[in-house]
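**Q** Okay, here's what each chain looks like letter by letter:
There are 2 protein chains.
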Amino acid sequence: MQERTSVNNPQIKAIGKLQQKKYREESGYYLIEGFHLVEEALKASVKYREILATEAALSRLAQLGLAYDEGKLIKISQSVASHLSSTKNSQDIFMTVKINMTVKINRPKHFAFSYGKWVLLDDLADPGNVGTIIRTADAAGFDGVILSNKTVDLYNPKVQRSMQGSQFHLNLIKADLPDAIASLKAADIPVYASLLDPAAKQLGDFAPVAQVALIIGNEAHGVSPEIEALADEKLYIPIKGRAESLNAAVAAGIMIYHFS
Amino acid sequence: MQERTSVNNPQIKAIGKLQQKKYREESGYYLIEGFHLVEEALKASVKYREILATEAALSRLAQLGLAYDEGKLIKISQSVASHLSSTKNSQDIFMTVKINMTVKINRPKHFAFSYGKWVLLDDLADPGNVGTIIRTADAAGFDGVILSNKTVDLYNPKVQRSMQGSQFHLNLIKADLPDAIASLKAADIPVYASLLDPAAKQLGDFAPVAQVALIIGNEAHGVSPEIEALADEKLYIPIKGRAESLNAAVAAGIMIYHFS
Chain X
1 MQERTSVNNP QIKAIGKLQQ KKYREESGYY LIEGFHLVEE ALKASVKYRE ILATEAALSR
61 LAQLGLAYDE GKLIKISQSV ASHLSSTKNS QDIFMTVKIN MTVKINRPKH FAFSYGKWVL
121 LDDLADPGNV GTIIRTADAA GFDGVILSNK TVDLYNPKVQ RSMQGSQFHL NLIKADLPDA
181 IASLKAADIP VYASLLDPAA KQLGDFAPVA QVALIIGNEA HGVSPEIEAL ADEKLYIPIK
241 GRAESLNAAV AAGIMIYHFS
Chain Z
1 MQERTSVNNP QIKAIGKLQQ KKYREESGYY LIEGFHLVEE ALKASVKYRE ILATEAALSR
61 LAQLGLAYDE GKLIKISQSV ASHLSSTKNS QDIFMTVKIN MTVKINRPKH FAFSYGKWVL
121 LDDLADPGNV GTIIRTADAA GFDGVILSNK TVDLYNPKVQ RSMQGSQFHL NLIKADLPDA
181 IASLKAADIP VYASLLDPAA KQLGDFAPVA QVALIIGNEA HGVSPEIEAL ADEKLYIPIK
241 GRAESLNAAV AAGIMIYHFS
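These protein sequences, in sequence, are chains X and Z. Using the UniProt record's numbering, read the first sequence as starting at 1 and increasing by one per residue. Using the UniProt record's numbering, read the second sequence as starting at 1 and increasing by one per residue.
A portion of the hints provided could be inaccurate.
Since copy identity is lost for identical chains, a pair holds within one copy or between any two.
Claimed, not checked - Heads up, simulated DSSO-like pairs for lysine-lysine below, C-alpha to C-alpha not over 27 Å straight-line:
| no. | residue 1 | residue 2 |
| --- | --- | --- |
| 1 | K43 | K201 |
| 2 | K88 | K17 |
| 3 | K13 | K185 |
| 4 | K13 | K201 |
| 5 | K47 | K240 |
| 6 | K201 | K21 |
| 7 | K240 | K158 |
| 8 | K22 | K88 |
| 9 | K13 | K234 |
| 10 | K88 | K21 |
| 11 | K13 | K117 |
| 12 | K240 | K22 |
| 13 | K201 | K22 |
| 14 | K150 | K88 |
| 15 | K75 | K150 |
| 16 | K201 | K117 |
| 17 | K88 | K201 |
| 18 | K240 | K75 |
| 19 | K88 | K158 |
| 20 | K185 | K240 |
| 21 | K240 | K174 |
| 22 | K43 | K240 |
In short, the hints are calculated from the structure, not lab data.
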């Protein structure tokens with residue numbers, strides 16, 4: 001087994017840089033951390049380049065009874081583990097996973113929706129919200145989440161932390177939203193935009209549906225006017241008290257479960 | 001008008017320390033920041049000790065047409081404003097607000113529930129979750145939120161940011177949860193505990209109710225067994241996909257809106 005004990009080792013330096021979007025895009029890999037995520041990734045049979053772990057973490061991994069490629073294991077020192085970690089309570093295990101969000105709907109020949117329940121994120125900026133919404137869509141049994149090109153990067157470490165492994169359970173697609181909406185409509189999937197507008201149709205008035213696409217807007221600006229214009233219906237979660245609005249991930253959760 | 005231009009001024013130093021729980025408890029005041037919160041506080045006629053703002057922020061405040069006590073205004077320099085701020089995009093306005101969470105249900109003679117819809121937080125640890133749940137309870141027109149003694153401090157700056165002023169709109173009570181539950185039951189308010197247990201009754205099977213108390217558990221450990229035992233019903237939000245659980249604030253939002 002290979003061993004890496006120095007944070008100045010070129011391979012370790014390159015892996016540490018995967019915290020930055022630029023280097024993730026260059027290499028086509030992102031870094032996950034902790035036993036829960038590594039376990040989810042192995043169960044999902046994702047493509048990966050290496051598993052890095054301290055001696056103690058390697059022993060624990062061996063006891064989990066999961067199938068993995070021994071040739072991809074790298075034993076690291078505690079200082080290398082601390083260098084790679086982005087959390088306070090590191091579990092000293094890391095994995096470089098191939099980015100698989102390659103389906104682009106702006107080439108419709110290569111992708112078409114056929115059926116299902118989808119969430120569309122229109123330029124969401126908060127990594128915690130994006131990760132939490134994907135986790136909620138997973139919990140509700142939705143088919144996938146479509147991220148607009150300006151939505152915060154899916155492989156941002158904060159998105160990863162709040163997603164809790166849901167990227168291994170459902171379809172995640174980066175796309176121009178107008179193209180995605182056209183594909184959804186072509187498949188007869190109704191597209192609803194969530195608005196903070198009491199004149200829109202109240203959530204409670206929507207009957208259960210077998211398939212649906214829900215558009216969630218940016219935290220500060222809501223759904224953009226050009227996307228709103230493409231929606232089949234506009235939907236409003238009633239504000240009965242005095243808060244001005246709901247948190248985007250909470251609003252998404254209420255809608256997702258209403259239609260789940 | 002008084003003026004403070006140095007971060008070493010004893011009054012400014014004392015106000016800066018309100019970021020820490022210890023000093024909030026000693027003084028009985030907490031610090032809010034930004035025009036939205038100051039406006040909400042003034043509209044709610046809360047008790048406050050001082051409003052601190054730069055010259056530009058004072059001009060903007062004067063244009064808002066709100067009633068405030070001129071004698072409590074303090075003009076601060078840009079360096080003092082930067083010192084007091086806990087955000088990247090400071091609006092250079094601050095207010096020291098009296099902590100009013102003084103009702104303790106462990107002295108039942110002094111407090112009794114009569115009616116309404118309540119959320120109970122059982123030792124929640126994440127400030128963003130606590131603030132977001134309070135904001136959601138406000139949006140849904142709930143009467144208040146009861147925080148267990150070990151729940152993260154309400155006046156933590158991160159709780160403040162995610163609460164977005166909802167502390168001025170609904171009842172917030174710190175209490176021993178068993179005492180609070182006894183008071184709720186005495187008022188015939190049904191108490192439901194949210195569990196991650198498919199054997200519990202599914203959320204969709206609960207009919208609308210006129211009054212309810214919903215217990216939300218700690219992010220890692222759920223509702224504690226002694227609190228669970230006091231609940232009238234156990235409630236489960238179905239997990240239909242492969243996520244292991246929902247984020248606590250999202251789960252709370254789904255339940256709150258189900259019963260709103």
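**Q** All hints are to be evaluated individually against the structure, with a verdict given for each.
**A** Do the hints match the structure? See the list:
When the C-alpha separation of K43 and K201 is checked against a cutoff of 27 Å, the pair qualifies neither within a copy, at 42 Å, nor between copies, at 30 Å. When the C-alpha separation of K88 and K17 is checked against a cutoff of 27 Å, the pair qualifies both within a copy, at 18 Å, and between copies, at 25 Å. For the identical chains of this complex, K13 and K185 are neighbours neither inside a copy (46 Å) nor across copies (59 Å), given an alpha-carbon limit of 27 Å. In this homomeric assembly, K13 and K201 never come within 27 Å of each other (Cα to Cα): the closest approach is 52 Å inside a single copy and 51 Å across copies.
Taking the closest pair of Cα atoms, K47 and K240 come within 27 Å of each other only across two copies (26 Å); inside a single copy the shortest separation is 47 Å, beyond that limit. Taking CA atoms no more than 27 Å apart as the test, K201 paired with K21 passes in neither setting, with 39 Å inside one copy and 44 Å between copies. In this assembly of identical chains, K240 and K158 lie within 27 Å of each other by CA distance solely across copies; the values are 25 Å between and 32 Å within a copy. With identical chains, the CA atoms of K22 and K88 are at most 27 Å apart both within one copy (24 Å) and between copies (24 Å).
For the identical chains of this complex, K13 and K234 are neighbours neither inside a copy (48 Å) nor across copies (50 Å), given an alpha-carbon limit of 27 Å. For the homomeric pair K88 and K21, the shortest alpha-carbon distances inside one copy (21 Å) and between copies (22 Å) are both at most 27 Å. Taking CA atoms no more than 27 Å apart as the test, K13 paired with K117 passes in neither setting, with 41 Å inside one copy and 54 Å between copies. Proximity of K240 to K22 under the C-alpha cut-off of 27 Å is found in neither arrangement, the shortest distances being 44 Å within a copy and 35 Å between copies.
For a Cα distance limit of 27 Å, the shortest separation of K201 from K22 qualifies neither inside one copy, at 42 Å, nor across copies, at 47 Å. In the homo-oligomer, the alpha carbons of K150 and K88 lie at most 27 Å apart only across protomers (22 Å), although the nearest pairing inside one protomer, at 29 Å, exceeds that limit. Within a single copy, K75 and K150 get their C-alpha atoms no closer than 37 Å, and across copies no closer than 40 Å, so neither meets the 27 Å cut-off. In the homo-oligomer, the alpha carbons of K201 and K117 lie at most 27 Å apart both inside one protomer (20 Å) and across protomers (25 Å), since each shortest distance falls under that limit.
Taking the shortest Cα distances, K88 and K201 never come within 27 Å of each other, neither inside one copy (44 Å) nor across copies (37 Å). Proximity of K240 to K75 under the C-alpha cut-off of 27 Å is found in neither arrangement, the shortest distances being 56 Å within a copy and 38 Å between copies. Proximity of K88 and K158 under a CA criterion of 27 Å is satisfied in both settings, with 13 Å inside one chain copy and 18 Å between copies. Taking the shortest Cα distances, K185 and K240 sit within 27 Å of each other only across copies (25 Å), while inside one copy they are farther apart (33 Å).
Proximity of K240 to K174 under the C-alpha cut-off of 27 Å is restricted to the inter-copy arrangement: shortest distance 24 Å between copies versus 35 Å within a copy. Proximity of K43 and K240 under a CA criterion of 27 Å is satisfied inter-copy only: 18 Å between copies versus 44 Å inside one chain copy.
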